[in-house]
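Take a look at the letters that make up each chain.
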Amino acid sequence: MEQQQNLWNFIVQQRDKLLDQTIAHIGLTFISLLIAVAIGLPLGIFIARRRKAAGIVLNIAGILQTIPSIALLGFMIPLLGIGPLPAITALFLYALLPIIRNTYTGIKETDASVLEAATAMGFSRWQVLTKVELPLAFPVILAGIRTATVINVGVATLAAYIAAGGLGEFIFGGISLNNTNMILAGAIPAALLAILFDFLLSRIQKINLKKLRLAVWLMPVIILLLSSFYVIPSFEKNKLLAGFTPEFMGRQDGYLGLKSVYQLNIKNVVISDAVMYKAAYEKKLDIISGYSTDGRLKAFDLVVLDDDRHIFPPYYAAPVIRADVLKTYPQLENVLNMLSGKINDSIMTALNYEVDYLKQSPEKVARNFLLENDLYKPPQNGNKGTIRLGSKIFGEQYILINMYAMLIRGYTNLNVETKTGLGGTKICFDALTNNQIDMYPEYTGTGLLAILNASANTLDKLKQNKDSIYHYVSGQFKQKYNLTWLKPIGFNNAYALMMRRKQSDELNVHSISELTNYIDKQK
Amino acid sequence: MIEAKNITKKFRQQTAVDNISFNIEEGENFVLLGTSGCGKTTTLKMLNRLIEPTAGSIYINQKNIEEQNAETLRRSIGYVLQNTGLFPHYTVAENIAVVPNLFKWNKEKIRLRVEELMRKLHLSKEYYNAYPNELSGGQQQRVGLARALAADAAILLMDEPFGALDPITRTKVRTDFINLEEFKKKTIVLVTHDVQEAFELADRICLMDKGKIIQTGTPAELLFKPVDSFVKTFFDEQRLQLEYKSVTLQMLWQFLKDDHSNTSSLKEISSQTNIWQALEYLNTNNDDSVSTKNNNTVKEINYASLMHAFNQYKKYN
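Protein chains in written order, with the numbering used here: chain D, 1 to 523; chain F, 1001 to 1317.
Next up, chain F with everything else stripped away, as it sits in the complex (with noise of 0.2 Å):
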C-alpha cells in the first residue's frame, strides 16, 4: 500500500533521513521506533508531502505522490498530532467536520458522521459546540483522532498522538483506540518513542536510530532476533515485560502440555493471549490453571508449564 524507495531527507547540512526503503501492507499497523533526533517524525511526515524529501520516491497504491496534488493527498490521509493541533476558533464538532467539509458533504451527513464519531470515541454530546480550550487533554487527543477519523481515510499518520497525555489516560486512550473498528481496518503509520507503546500497537516495527532503519520486523523479531547489538540493547530495560507482551500462547503451542485432564472445568483463553496476559489472569482470578485451544487441540496451562514453555521457545528461536 505504501512504497518507500530510497527516501533521504537533508536539512541544511544535516541528513535527517539517510537513504532509506521500506514496504508497508494495507491494514498493518507499522511503528517507526526510535530515540529523539533519529528521523522517524521526518520520514512520517514525508508520506503526505509535510516534508518533501531531498531523493528518492514514495508510492501509496502505486502512484508516485510527488504527481499528485498535495492537498488533494493529504485530505485522502489521516493525520494525528502529538499536541491535537485542534483550531482553537474551531467548536469540536467544527473540527471534526475539517475534512468533510474540504469534501464538501452536505450538512446532514456531516453531523452524522460527527456524532457517530463522537460516540464511538467516548466524547460527551454536550461538548458537540464546545472550544477546544474547554477540554481536558485527554479528550482534545480524542477530537484529534475524530478529526483525522472523520472522512474515512485509508491511511492514518499519527505523529506520537499519546506522547502529550499523562500515563493514566494515556492508556485509556490508546485501549479506546485499539477497540475502534477503525484501528482494524486501516493502514496506520504510527511515530513514538515509546517502547510499551511500539509493543502495544504495531503488527511491524521499523526500529530507526541516525537517519537509518536498523531493524524492520515484528516486536517478536525484533526481541528475539535482533540483527545487531543495538537492537537488542535498544529493548534491554524493558526486556522481560516485552517479551512476556510479545509472545502469543499460539507461538508457544509445541512446548505447551497437551490438556488430557477434564477441560471443561477450567475456564478457557485465547490463544492470541500473550504471555503477560495470560499470567495477569492467573493471577488476578486466583486460579491454578487455564485452557487454551487452538485448531481443536486444547493445552493446559498454569504458572509452571508457561514458564518453561517460554524458555524452551526462547531457546529454539
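Bound-form chain D, shown alone (with noise of 0.2 Å):
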C-alpha cells in the first residue's frame, strides 16, 4: 500500500514531466506509424503484383526487424544524429514489416472468383485495388498496423537513449537509480498506451463491413492527429547542449546538484551512456555526464571539467576482502595493496581504452601494465589454498582482478579463482557477505552511498572528501560486514562533467564554473 502511496506521490509530483513524456511517446510512435503505413502499404500493394520483388523486399524488412532496437539506434547515431529524426527512422524501420507483409498477404489472399468478377464487370486496375482488394484486406492490414502499433510503443521507450525523449526516460532512471517509483511511472503509461492503442485498432477492425468505408477514411486521419501531438523539438544552434544519462538526471550528486550548488542552467537531453561519447565526439552533444576514467575518454579526446565546488562524490577503488580470510592468509595484505599508487586517473583512463576502445584482452592489458611496472613474477602454482576474486560486469573491473590473480599467483603459494561479471554492486557485494568469493573491487562513493545508504548528516559531515569518506567506510564495513579495505589504488572513477578537449580550449571552460560562467553570458 505505501508503495502505490509513493508512486501517486510520485506521479503527482512529475506530473508535468509525465505529461511530457507521454505526449512524445505518443508522437514518436504516430510519426513513425504514419510514415510507415505512407511507404509501406504501396510496397506491400507493388509486391503482391510482382512474385519476385515480394521475397527481396520482405527479407529486407525481415533482416531490419531482427536488428537488436538498440544496437539499430546505435546505428543511426553516425547517419542521423541523436533526437527525434533517428528515433523516428528506427521506429519506422521496425513498423514497416508487418505493414508490407500484412497489405502483402491481404492482397494475396484476396478471392480470385471477386477479383474476376470485378475485372469483368468492368473495373479499372485502380478500382479493382480501391474499391475491392483493399477494403477485403483492410482487416489484415489494420492487423499489420495494430502489430506495428504495439511493437512502437514499446521500442519507443529507447529513443530515451539517444535523447528523444518518451517515458523511456523515466524508465532507464528509475532503472540505474534503483527507484521502483520513477520505473513505474513511466513503465505503466507504456504498457496503458499499448494496451489502449491495440484495443482501439481492435475496436476499428471489428467494425461493421458497412462502415468499412468510414473506417478506411478515418484511420490516416486519426494517426495524423495523434502524430500531431509531437512538434519535433528543434535544437537551438550556437548554444551549448548538454546530454545526460538517466541516472545523472535524477540525483542529487549529478544533474540536481548541478543546478543548486552550480547555478548551471543548460539545456539538455536524456541519452544513453553507450551513445553518449560517441555523440560528444560528433559534436551532437557539447557536455555530458561521464565516468572520468572511461575508456572512450581518450578515444573521443574528450577532458574532464574540474569539479571546483565537490558535488560529484569521490569514487576511489581499493581491494575489499573479508576479514576473516586476511587472518587465514596474512601474506595477502601486501601482495593486494601493491597496485595502490600506481595508477592513476590517466593511466586507468588509459588502460580501460585499450580494453573498451582497442578490444585488447583484459588479461593481457594487465600482463602488460605489470611486466611495465615491475611488478609481474611467473605463477608460483602453488596450492597451499585459494582465493575467489569477483568482479563487477565492466572493463576496468576485469582489468582489476586480472592484474590481482597474477600478483597472488606470482608472490603467494595461494591458487586463485576468480568470478568474473557478477552483475552489479548488490550482487557483488551479496558474494562476498556470502562466503562466494573473498575479495572484490569496490569504490568508495559506492559503498557509501549504495551500500551504507549513509544519510544526509553523514554526506555533510564528510564533505566529498576522499579521505573522510575512505575512512568512515572503511570503519563501518569492518564493524557492520567485517569486511577490510585496503590500501586505495589511486584512481578516482567518479562522474564528471565532460567535454571536447578543442572546445573546451576555445571557449576557455575547464570547471564547472566556468561553464556555468560561460553560459549565463550567452543569454
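By construction, these hints were calculated from the structure, which means they are not laboratory data.
Some hints here could point you the wrong way.
Stated by the list, open to error - Mimicking SDA-like on lysine to any residue, the simulated pairs with C-alpha atoms at most 25 Å apart in a straight line are: (1) D:Lys108 with F:Asn1083; (2) F:Lys1184 with F:Lys1107; (3) D:Lys131 with F:Leu1073; (4) D:Lys278 with D:Ile519; (5) D:Lys278 with D:Lys108; (6) F:Lys1010 with D:Leu115; (7) D:Lys131 with F:Arg1111; (8) F:Lys1107 with D:Ser124; (9) D:Lys131 with F:Trp1105.
As the structure is a computational prediction, the values presented were derived from the model and not from experiment.
With the hints in hand, could you dock these two chains into one complex?
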C-alpha cells in the first residue's frame, strides 16, 4: 500500500514531466507509424503484384526487424545524429515489416473469383485495388498496423537513449537509480498506451463491413492527429547542448546538484551512456555526464571539467576483502596493496581505452601493465589454498581482477579462482558477505551511497573529502560486515562533466564554474 | 454478332485453345460444351478479354475487340461466374448495381432497376441490404445473374453458372432463368460440362475437346449426325433421354398420324413440345392420347404412335 502511495505521490509530483514524456511517446509512435503506413502500404501493394520483388522486400524488412533495437538506434547516430530524427527512423523501420507483410498477404488472399468478377464487370485496375482488394484486405492490413503500433509503443521507450524523449526517460532513470516508483511511472503509462491503442485498433478491425469505407478514411486522419501531438523539438544552434544519462538526471550528486550548487542552467537532453561519448565527439552534444576513467574519454579526445565545488563524491577504488580470509592468509595484504599508488585517473583511462576501445583482452592489458611496472612474477603454481576473486561486469573491473590474480599467483603459494561479471554492486557485495567470493574491488562512493546508504547528515559531515569518506567507509564495513578495505589504488572513477578538448580550449572552459559563467554570459 | 477467327491461346508450352473459329448470331444461346481442360472456359474468357488470345481475332458487331478499351468492352457484356464472385463487402443491392454505377446512372434509376431484377429473380426484398454471406448458394447465384443483367447488356457470358449448386437448386434457378424475358432476348454464350444443361439451354452446342472444336450444331444435329465417334460416344450415357429431349413434335410431323377423330375431346399440347415432355404429359395426366396442332393440321398422339414416329425419324435422318 505504501508503495502505491509513493508511486502516486511521485506521479503527482512529476505530472508535468510525465505529461511531456507521454505526449512525446505518442508522437514518436505515431509519426513513425504514419511514415511506415505511407511507405509500407504502397510497397505491400506493389510486391503483391510482383512475385519476384516480394521475396526481396520481405527479406530486407525481415532482417531490419531482427536488428536489436538498441543496436539499430546506435547505427542511426553516425547517420542522423541524436534526437527525434534517428528515433523516428528506427521506429519506422521496425513498423515496416508487419505493415508490408500484412498488406501483401491481405491483397494476395483476395478471392480469385471476386477479382475476376470485378475485372469482368469493367473495373479499371485502380478500381479493383481501391474498391475490392484494399477493402477486403483491410482487416488483415489493420492487424499489421496494430502489431506495428504495439511494437512501436514498446521500442519508443528506447528513444530516451538517444535524446528523443518519451517514457523511457523515467524507465531508464528509474533502473539506474534503483527507483521503483520512477520505473513504474514510465512503464505503467507505456503499457497502458500499448493496451489502449491495441484496443482501439481492434475496435476498428471489428467494425461492421458497412462502416468499413468510413473507417478506411478515418484511419489516416486518426493517425495524423495523434502524430501531431509531437512537435519535433528543434535544437537551437550556437548554444551548448548537454546530454545526461537518465541516472545522472535524477541524482543529487548529478544534475540536481549542478542546478543547486553551480546554478548551472544548460539546455539538456536525456541520452544513453552507450552512445553519449560518440555523440559528443560528433558534435551532436557539447557537454556530457561521463565517468572520469572511461576509456572513451581518450578515444574521443574529451576532457573532464574540474568539479571545483565538489558536488561529485569521490569513487576511489580499493580491494575489499573478508577479514577472516586476511587472517588465514596474512601474506595477501601486502600483495593486494602492491597496486596502490600505481594507477591514477589517466593511467586507468588509458587501460580502459585499450580494453573497451581497442578490444584487447583484459588479461593482456593487465600483464603488460604489471610487466612495465616491474611487478610481474611468473606463477608459483601454489596450492596452499584458493582465493576467489569477484568483479562487476565492466572492463575496468576485469583489468583489476586480472592484475590481482597475477600478483597472487606470482607472489604467494596460493591458487586463484576468478568469478568475473557478477552484475552490479549488490550481487558482488552479497557474494562477498555470503562467502561465495573472498574479495572484489569496490569504490568508496558506491560503498558510501549504495551499500551503507549514508544519511544526508553523514554526507554533510564528510564533505566529499576523499580521505574522510575512505575512513568512514572502511570503518563501517569492518564494524557492520567484518570486511576490510585495503589501500586505495589511486584513481577516482567518479561522475564528471566532460567536453571536447578543442571546444574546451576555444571557449576557455575548464571547470564547471567556468561553464556556468560562459552560459550565463550567452543569455 | 460475335465472330471468332482462328483464335489460339497458349499458356507457356500448353495450347489451351487451338486455332478455332465460330460465329454466334444475335439472340442465340450458344453453349460451349466439353470435359474439364478442353479449352471452353478459356474461349469464353477471351470474348471479354479476361484472357487475351495468343493469335487470331474476335469481332463483336463487326468491331475487333482488341481495338476497344477493355473496361468499356466488359461493361457492355454481362458476366456470370460459377462461384458467383459476389463482392462480400457490398450488399445485395450494391452488388447488383455495380455496372450501373460504373455507367453513373442516377440513384433512382439504379434503385428501380435493382428492385425490378430482384423481383424477376425471385429474391425477396428483405435481402436488399443483406450481405452475400447471409444468402444461400442458390440466392447468391440469383444475385450473380441479376448483376450480370443489371445494365441490360446485349451479350451475356456465363461460366458454368449453375455448376456449384446442388441438383435441386440448380434446376430451380435454371428454370427461373430460362423463363426470364432477358434469356430469350440476349445473345448468350454459356460454358458447361453438363450435357443435360447444354441440351436444355442451347440453340447451338459447340462441342470442344483438347482445345479444338469437334462439332458445332443444334442438339439434334449432334445426336443424330455426329461427325465422328468422339461426338457419338460423348452422349452415349444419356443418349435416349437426350434424344427424347432434343426432338420436338414438330420435327416428327410427317411421321405422326393425322387426327381424324373428334379432336375437340382431346387435350392439346404445343408442337414445340419435345418427346420427353409429351411422354411426361401422357404419364401424369393419365390420358391415352393428346392432340397437337401445327399450321392448321392436327395430329393425335399416343404412346405407340409417338414411339413409332420417333423410330421413323431416326431412320430417315
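Exercise. Is it true that the CA of Lys1184 of chain F sits at most 25 Å from the CA of Lys1107 of chain F?
Worked result: 28 Å, violated
For this session: Assess, step by step, whether the Cα of Lys131 of chain D is no farther than 25 Å from the Cα of Arg1111 of chain F, and give holds or violated.
Result: 20 Å, holds
Exercise. CA of Lys278 of chain D to CA of Ile519 of chain D, is that 25 Å or under?
Worked result: Distance ~23 Å between Lys278 of chain D and Ile519 of chain D Cα, so the pair holds.
For this session: Verify the proposed pairing of Lys131 of chain D with Leu1073 of chain F, using a straight-line Cα cut of 25 Å.
Result: With Cα atoms ~20 Å apart, Lys131 of chain D and Leu1073 of chain F stay inside 25 Å; holds.
For this session: With a cut-off of 25 Å on the C-alpha distance, tell me whether Lys131 of chain D and Trp1105 of chain F pass.
Result: 18 Å, holds
Problem set entry | Pair hint outcome, Lys108 of chain D versus Asn1083 of chain F [Cα-Cα no greater than 25 Å] | 18 Å, holds
Exercise. Quick one, are Lys1107 of chain F and Ser124 of chain D close enough, alpha carbons at most 25 Å?
Worked result: The given pair, whose Cα atoms are some 22 Å apart, holds under the 25 Å limit.
For this session: Sort out whether Leu115 of chain D lies within 25 Å of Lys1010 of chain F, counting only the CA atoms.
Result: 22 Å, holds
For this session: Take a quick look at whether Lys278 of chain D and Lys108 of chain D sit within 25 Å of each other, Cα to Cα.
Result: Roughly 45 Å separates the two Cα atoms, so the pair is violated.
When the structure is compared with the earlier hints, violations turn up for hints 2 and 5 and for no others.
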